[in-house]
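**Q** Given chain A, work out where chains B and C should sit, using these hints.
Residue numbers (the working numbering), protein chains in the order written: chain A, 1 to 338; chain B, 1 to 338; chain C, 1 to 338.
Hint data in this document are derived by calculation from the structure and do not stem from the laboratory.
Everything numeric in this text was worked out from a predicted model, so none of it was measured.
Built from N, CA and C at the ideal position, the CB exists for glycine as well.
Where hints are given, some of them may not hold.
A partial selection of chain C residues facing chain A, derived with a Cβ cut-off under 8 Å [to be verified]:
1) F7
2) V55
3) Y92
4) S222
5) G280
6) A298
7) R325
Spelled out, the chains give:
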Amino acid sequence: MVDTRFFHSAGPIRLNEIASLTGATAASADGERIFLGVAPLDRAGAGDISFLDNVKYVEAFAQSKAGACFVRPHYAGRAPATMALLVTDDPYYAYALTAQRFYPQPEFAPGISPQATIAKTATLGKGVRVDKGAVIGENVNIGERCRIGANTVIDDGVEIGDDCRIGALCTLSHAILGQRVLLHRGIHIGQDGFGFAPGKKGAVKVPQLGRVTIGNDVEIGSGTCIDRGAGPDTVIGAGSKIDNLVQIGHNVQLGLGVIIAAQCGIAGSTHIGNGVMLGGQVGISGHLNIGAGAKLAARSGVMTNIPPGAAYGGAPAVPIKDWHRQTVTLAKLAKKEE
Amino acid sequence: MVDTRFFHSAGPIRLNEIASLTGATAASADGERIFLGVAPLDRAGAGDISFLDNVKYVEAFAQSKAGACFVRPHYAGRAPATMALLVTDDPYYAYALTAQRFYPQPEFAPGISPQATIAKTATLGKGVRVDKGAVIGENVNIGERCRIGANTVIDDGVEIGDDCRIGALCTLSHAILGQRVLLHRGIHIGQDGFGFAPGKKGAVKVPQLGRVTIGNDVEIGSGTCIDRGAGPDTVIGAGSKIDNLVQIGHNVQLGLGVIIAAQCGIAGSTHIGNGVMLGGQVGISGHLNIGAGAKLAARSGVMTNIPPGAAYGGAPAVPIKDWHRQTVTLAKLAKKEE
Amino acid sequence: MVDTRFFHSAGPIRLNEIASLTGATAASADGERIFLGVAPLDRAGAGDISFLDNVKYVEAFAQSKAGACFVRPHYAGRAPATMALLVTDDPYYAYALTAQRFYPQPEFAPGISPQATIAKTATLGKGVRVDKGAVIGENVNIGERCRIGANTVIDDGVEIGDDCRIGALCTLSHAILGQRVLLHRGIHIGQDGFGFAPGKKGAVKVPQLGRVTIGNDVEIGSGTCIDRGAGPDTVIGAGSKIDNLVQIGHNVQLGLGVIIAAQCGIAGSTHIGNGVMLGGQVGISGHLNIGAGAKLAARSGVMTNIPPGAAYGGAPAVPIKDWHRQTVTLAKLAKKEE
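Chain A with its partners taken away, still in its complex shape:
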């Protein structure tokens, strides 16, 4: 059960519709049965649909009161008798589609708050909403159906495509955003990169003359900072998903569909290939190439190029099998020294 102060179900929805939406098999269940929402295994009731995706929760599954549950064929035998089974090879994906069906992204009423400040030369598309205290600079272009959050500051010349949602308390400058970009809160995009040339009289500031370009369908978490390029642009490829408190330095280029967990840091001029996945708190040095499809374990410290498709871990990062072997070897040797 969700908290109805915050969430509103689009249900009820019949089981057959869910099966059809997700491709799951509603084996031996009443397809006309209706459901009101989704819930985790331990909190779901008869009107909820749940999912089992992680072996750690098989026991919770066996004891769940959920009316229906997405489950892999392998675990179906552990289900309680009253549960309708939605059998699928990808329960989490099926759950995601179902949850989106019950709880679509909230609509917003268009309109410009009288407490917002919008420069005369800015252009806003149809259906845009600008919340209280937002500040929009000269020659900013905002596409249709965008929402600009409260107290967010958008500097002169920024371009924002259609259907973007910019949360509260963000700053954007020197930036070009595609469509359907979702920025959470407190995100800072387009500030100067960290560029200083050491000289005899101390460090001299290097003007940062590039931009940040952000592709379609990018989502960025709260507190994340993306510096603009020093000369080249900083580029966030379409479909990339970036978590909270991530640092992306100047001239960094992310390919398509890159996934970056919280608190990662990517130093200047590094290129990250399509579909790369970074665990939390990874650090990557500057001027490196991370090959497409590479996976870096949480807390990796990357000081060299990484080949496409490789899995690395540790600091300095090495192939993940080597990292595990090194960990085991060191533990063994330390035991001997006792």
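**A** Frame of chain A; chains B and C shown alone:
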């Protein structure tokens, strides 16, 4: 001496009162002597009370001009002749009580700034202050004597208990706060967790349908982000203290009195027991259990459950003695290789 | 070519002027030739000046269409025939001066936004600009020609010297800033340090009674947090440059010209000497001394004092040669175990 532009002493206060407040023994000192404030050893004067808590500062203690000082019996002999000694087994705790007595948390005048924007359906308790530019949404409930900082944004439906202080430039949504919660600045609570289900056509966003619940007497540092639950709630137990720039993922549960130093990151669905202490920059993977009373050294990278009361360090984290032994062993072996 | 929506060149400028500004030798080139701006090697055209500073980009240099380029004598032979060479021992420094000449820091029109809120007892110097939604407290003093960004909040008593630029969405309290301080966005300065005295009834808050003092010519990146002192001040020495998302604890003292890359954390009461350089994501424990001129590699975890001028790396940090040797030794030993 504090800077009187920023701090105002409630003194003068007699030594006897300080001794009585803290349980310290004012051995062979004039109990009627009055003091004006507190100060660190190297800056204190005759009107100040100081403390010695760390062996690194014994020399500063021996040379201090402080009028009085909290000190363990062991170091009392090193005191300058003019110093009144306040002997106690816990000088830092006694100092904290004394500093609170001289410098209580500043009062604030209640009132709603005309530059704040408050929805008609929001309810505010007696004695609330809302600063300039704050935005408070529909059906928000704020308890008595709360302060909401400038330009802070509180979304629809949020509940805030009595005597909370929310700093400037925070965002809150999908959140239920207890009493006496202290949020510093630029804190983001309640945004979507990082939930994507990988699929054939790219990552699909998983609706985040839980809340953040925060217990009584929690304090949270600037720049920290706490994502709301994906289905379960994200829970911050009463009395927990969280430092700056910490990341707390969806569904994380902190027990009572958990202490988290700056820049830690806790991945989704991990449970942290009562009284756990995390040093700075610790990272903890998702779906783990950290037992009550465990202590994790700064920069630990935790990939396994941790038993209650255990002390761990390193990455991957191991019992702290093993970590130190591994460090020594590796240094020794590397020397041999030279 | 820069994006003229965001940047405006002060050119054209003659080659002779650039040579004279930077001390580079314009060997065998037409000194009267004019240039319009700067650009990276792979995007520069005939009107642009570029630079070669990193051996990784020699090939891009050899194929560049840049009209002129700063280059070390060693690589001059690789230049395309049409390129005017600006030969120097420090191409990056020369480029920085040149880029500043073409793209000086943007001017701003002075003036107080009618949507800003400024206390009656605050004093603002000549030529100050205060942007929309900014809140300036009682007895704040702001020097001449400062800019205060949109929705930034400056608490009572803060002092700001001449020619400072404070970005949008910052908070300042309990702080004294020198001249020409540059704060980017979303920076939080002066909040309580993380001070709790553990006691039998739980942690007791220790009043934080110091300030933050920031010297001349300091630059601080977005999302960075600097806590005020607990009793002593937190001190940021003149000329220091701090990147994004850095955490600086209470009582930390930075010397002159300290360079700190993104996501570093420095725990309370640590002193950092003049000219120290920290790579990204470094963590330093509390109550330590980092000697002047020391260099700490990215992700170092520092648990001991560091001698002046030393280079350290690893966690726990050791002299950098030892760190590299340990890394190699462990890899070798793990191979043997296979």
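**Q** Are the hints correct? Go through all of them and say.
**A** Hints versus structure:
Taking 8 Å as the C-beta contact cut-off toward chain A, the hint placing F7(C) at the interface holds, the least distance being around 6 Å. The criterion of a C-beta within 8 Å of any C-beta in chain A is not met by V55(C), whose closest approach is roughly 10 Å, and the hint is violated. Hint status for Y92(C) relative to chain A: holds, with the closest Cβ pair at about 5 Å, below 8 Å. Proximity of S222(C) to chain A holds as hinted, the smallest CB-CB distance being about 4 Å (cut-off 8 Å).
Using the Cβ-Cβ criterion of 8 Å, the hint placing G280(C) at the interface with chain A is satisfied: the shortest such distance is roughly 5 Å. The interface hint given for A298(C) holds, since its Cβ lies 6 Å from the closest Cβ of chain A, which is under the 8 Å cut-off. Violation of the interface hint for R325(C) is found here, the shortest Cβ-Cβ separation to chain A being roughly 13 Å, above the 8 Å cut-off.
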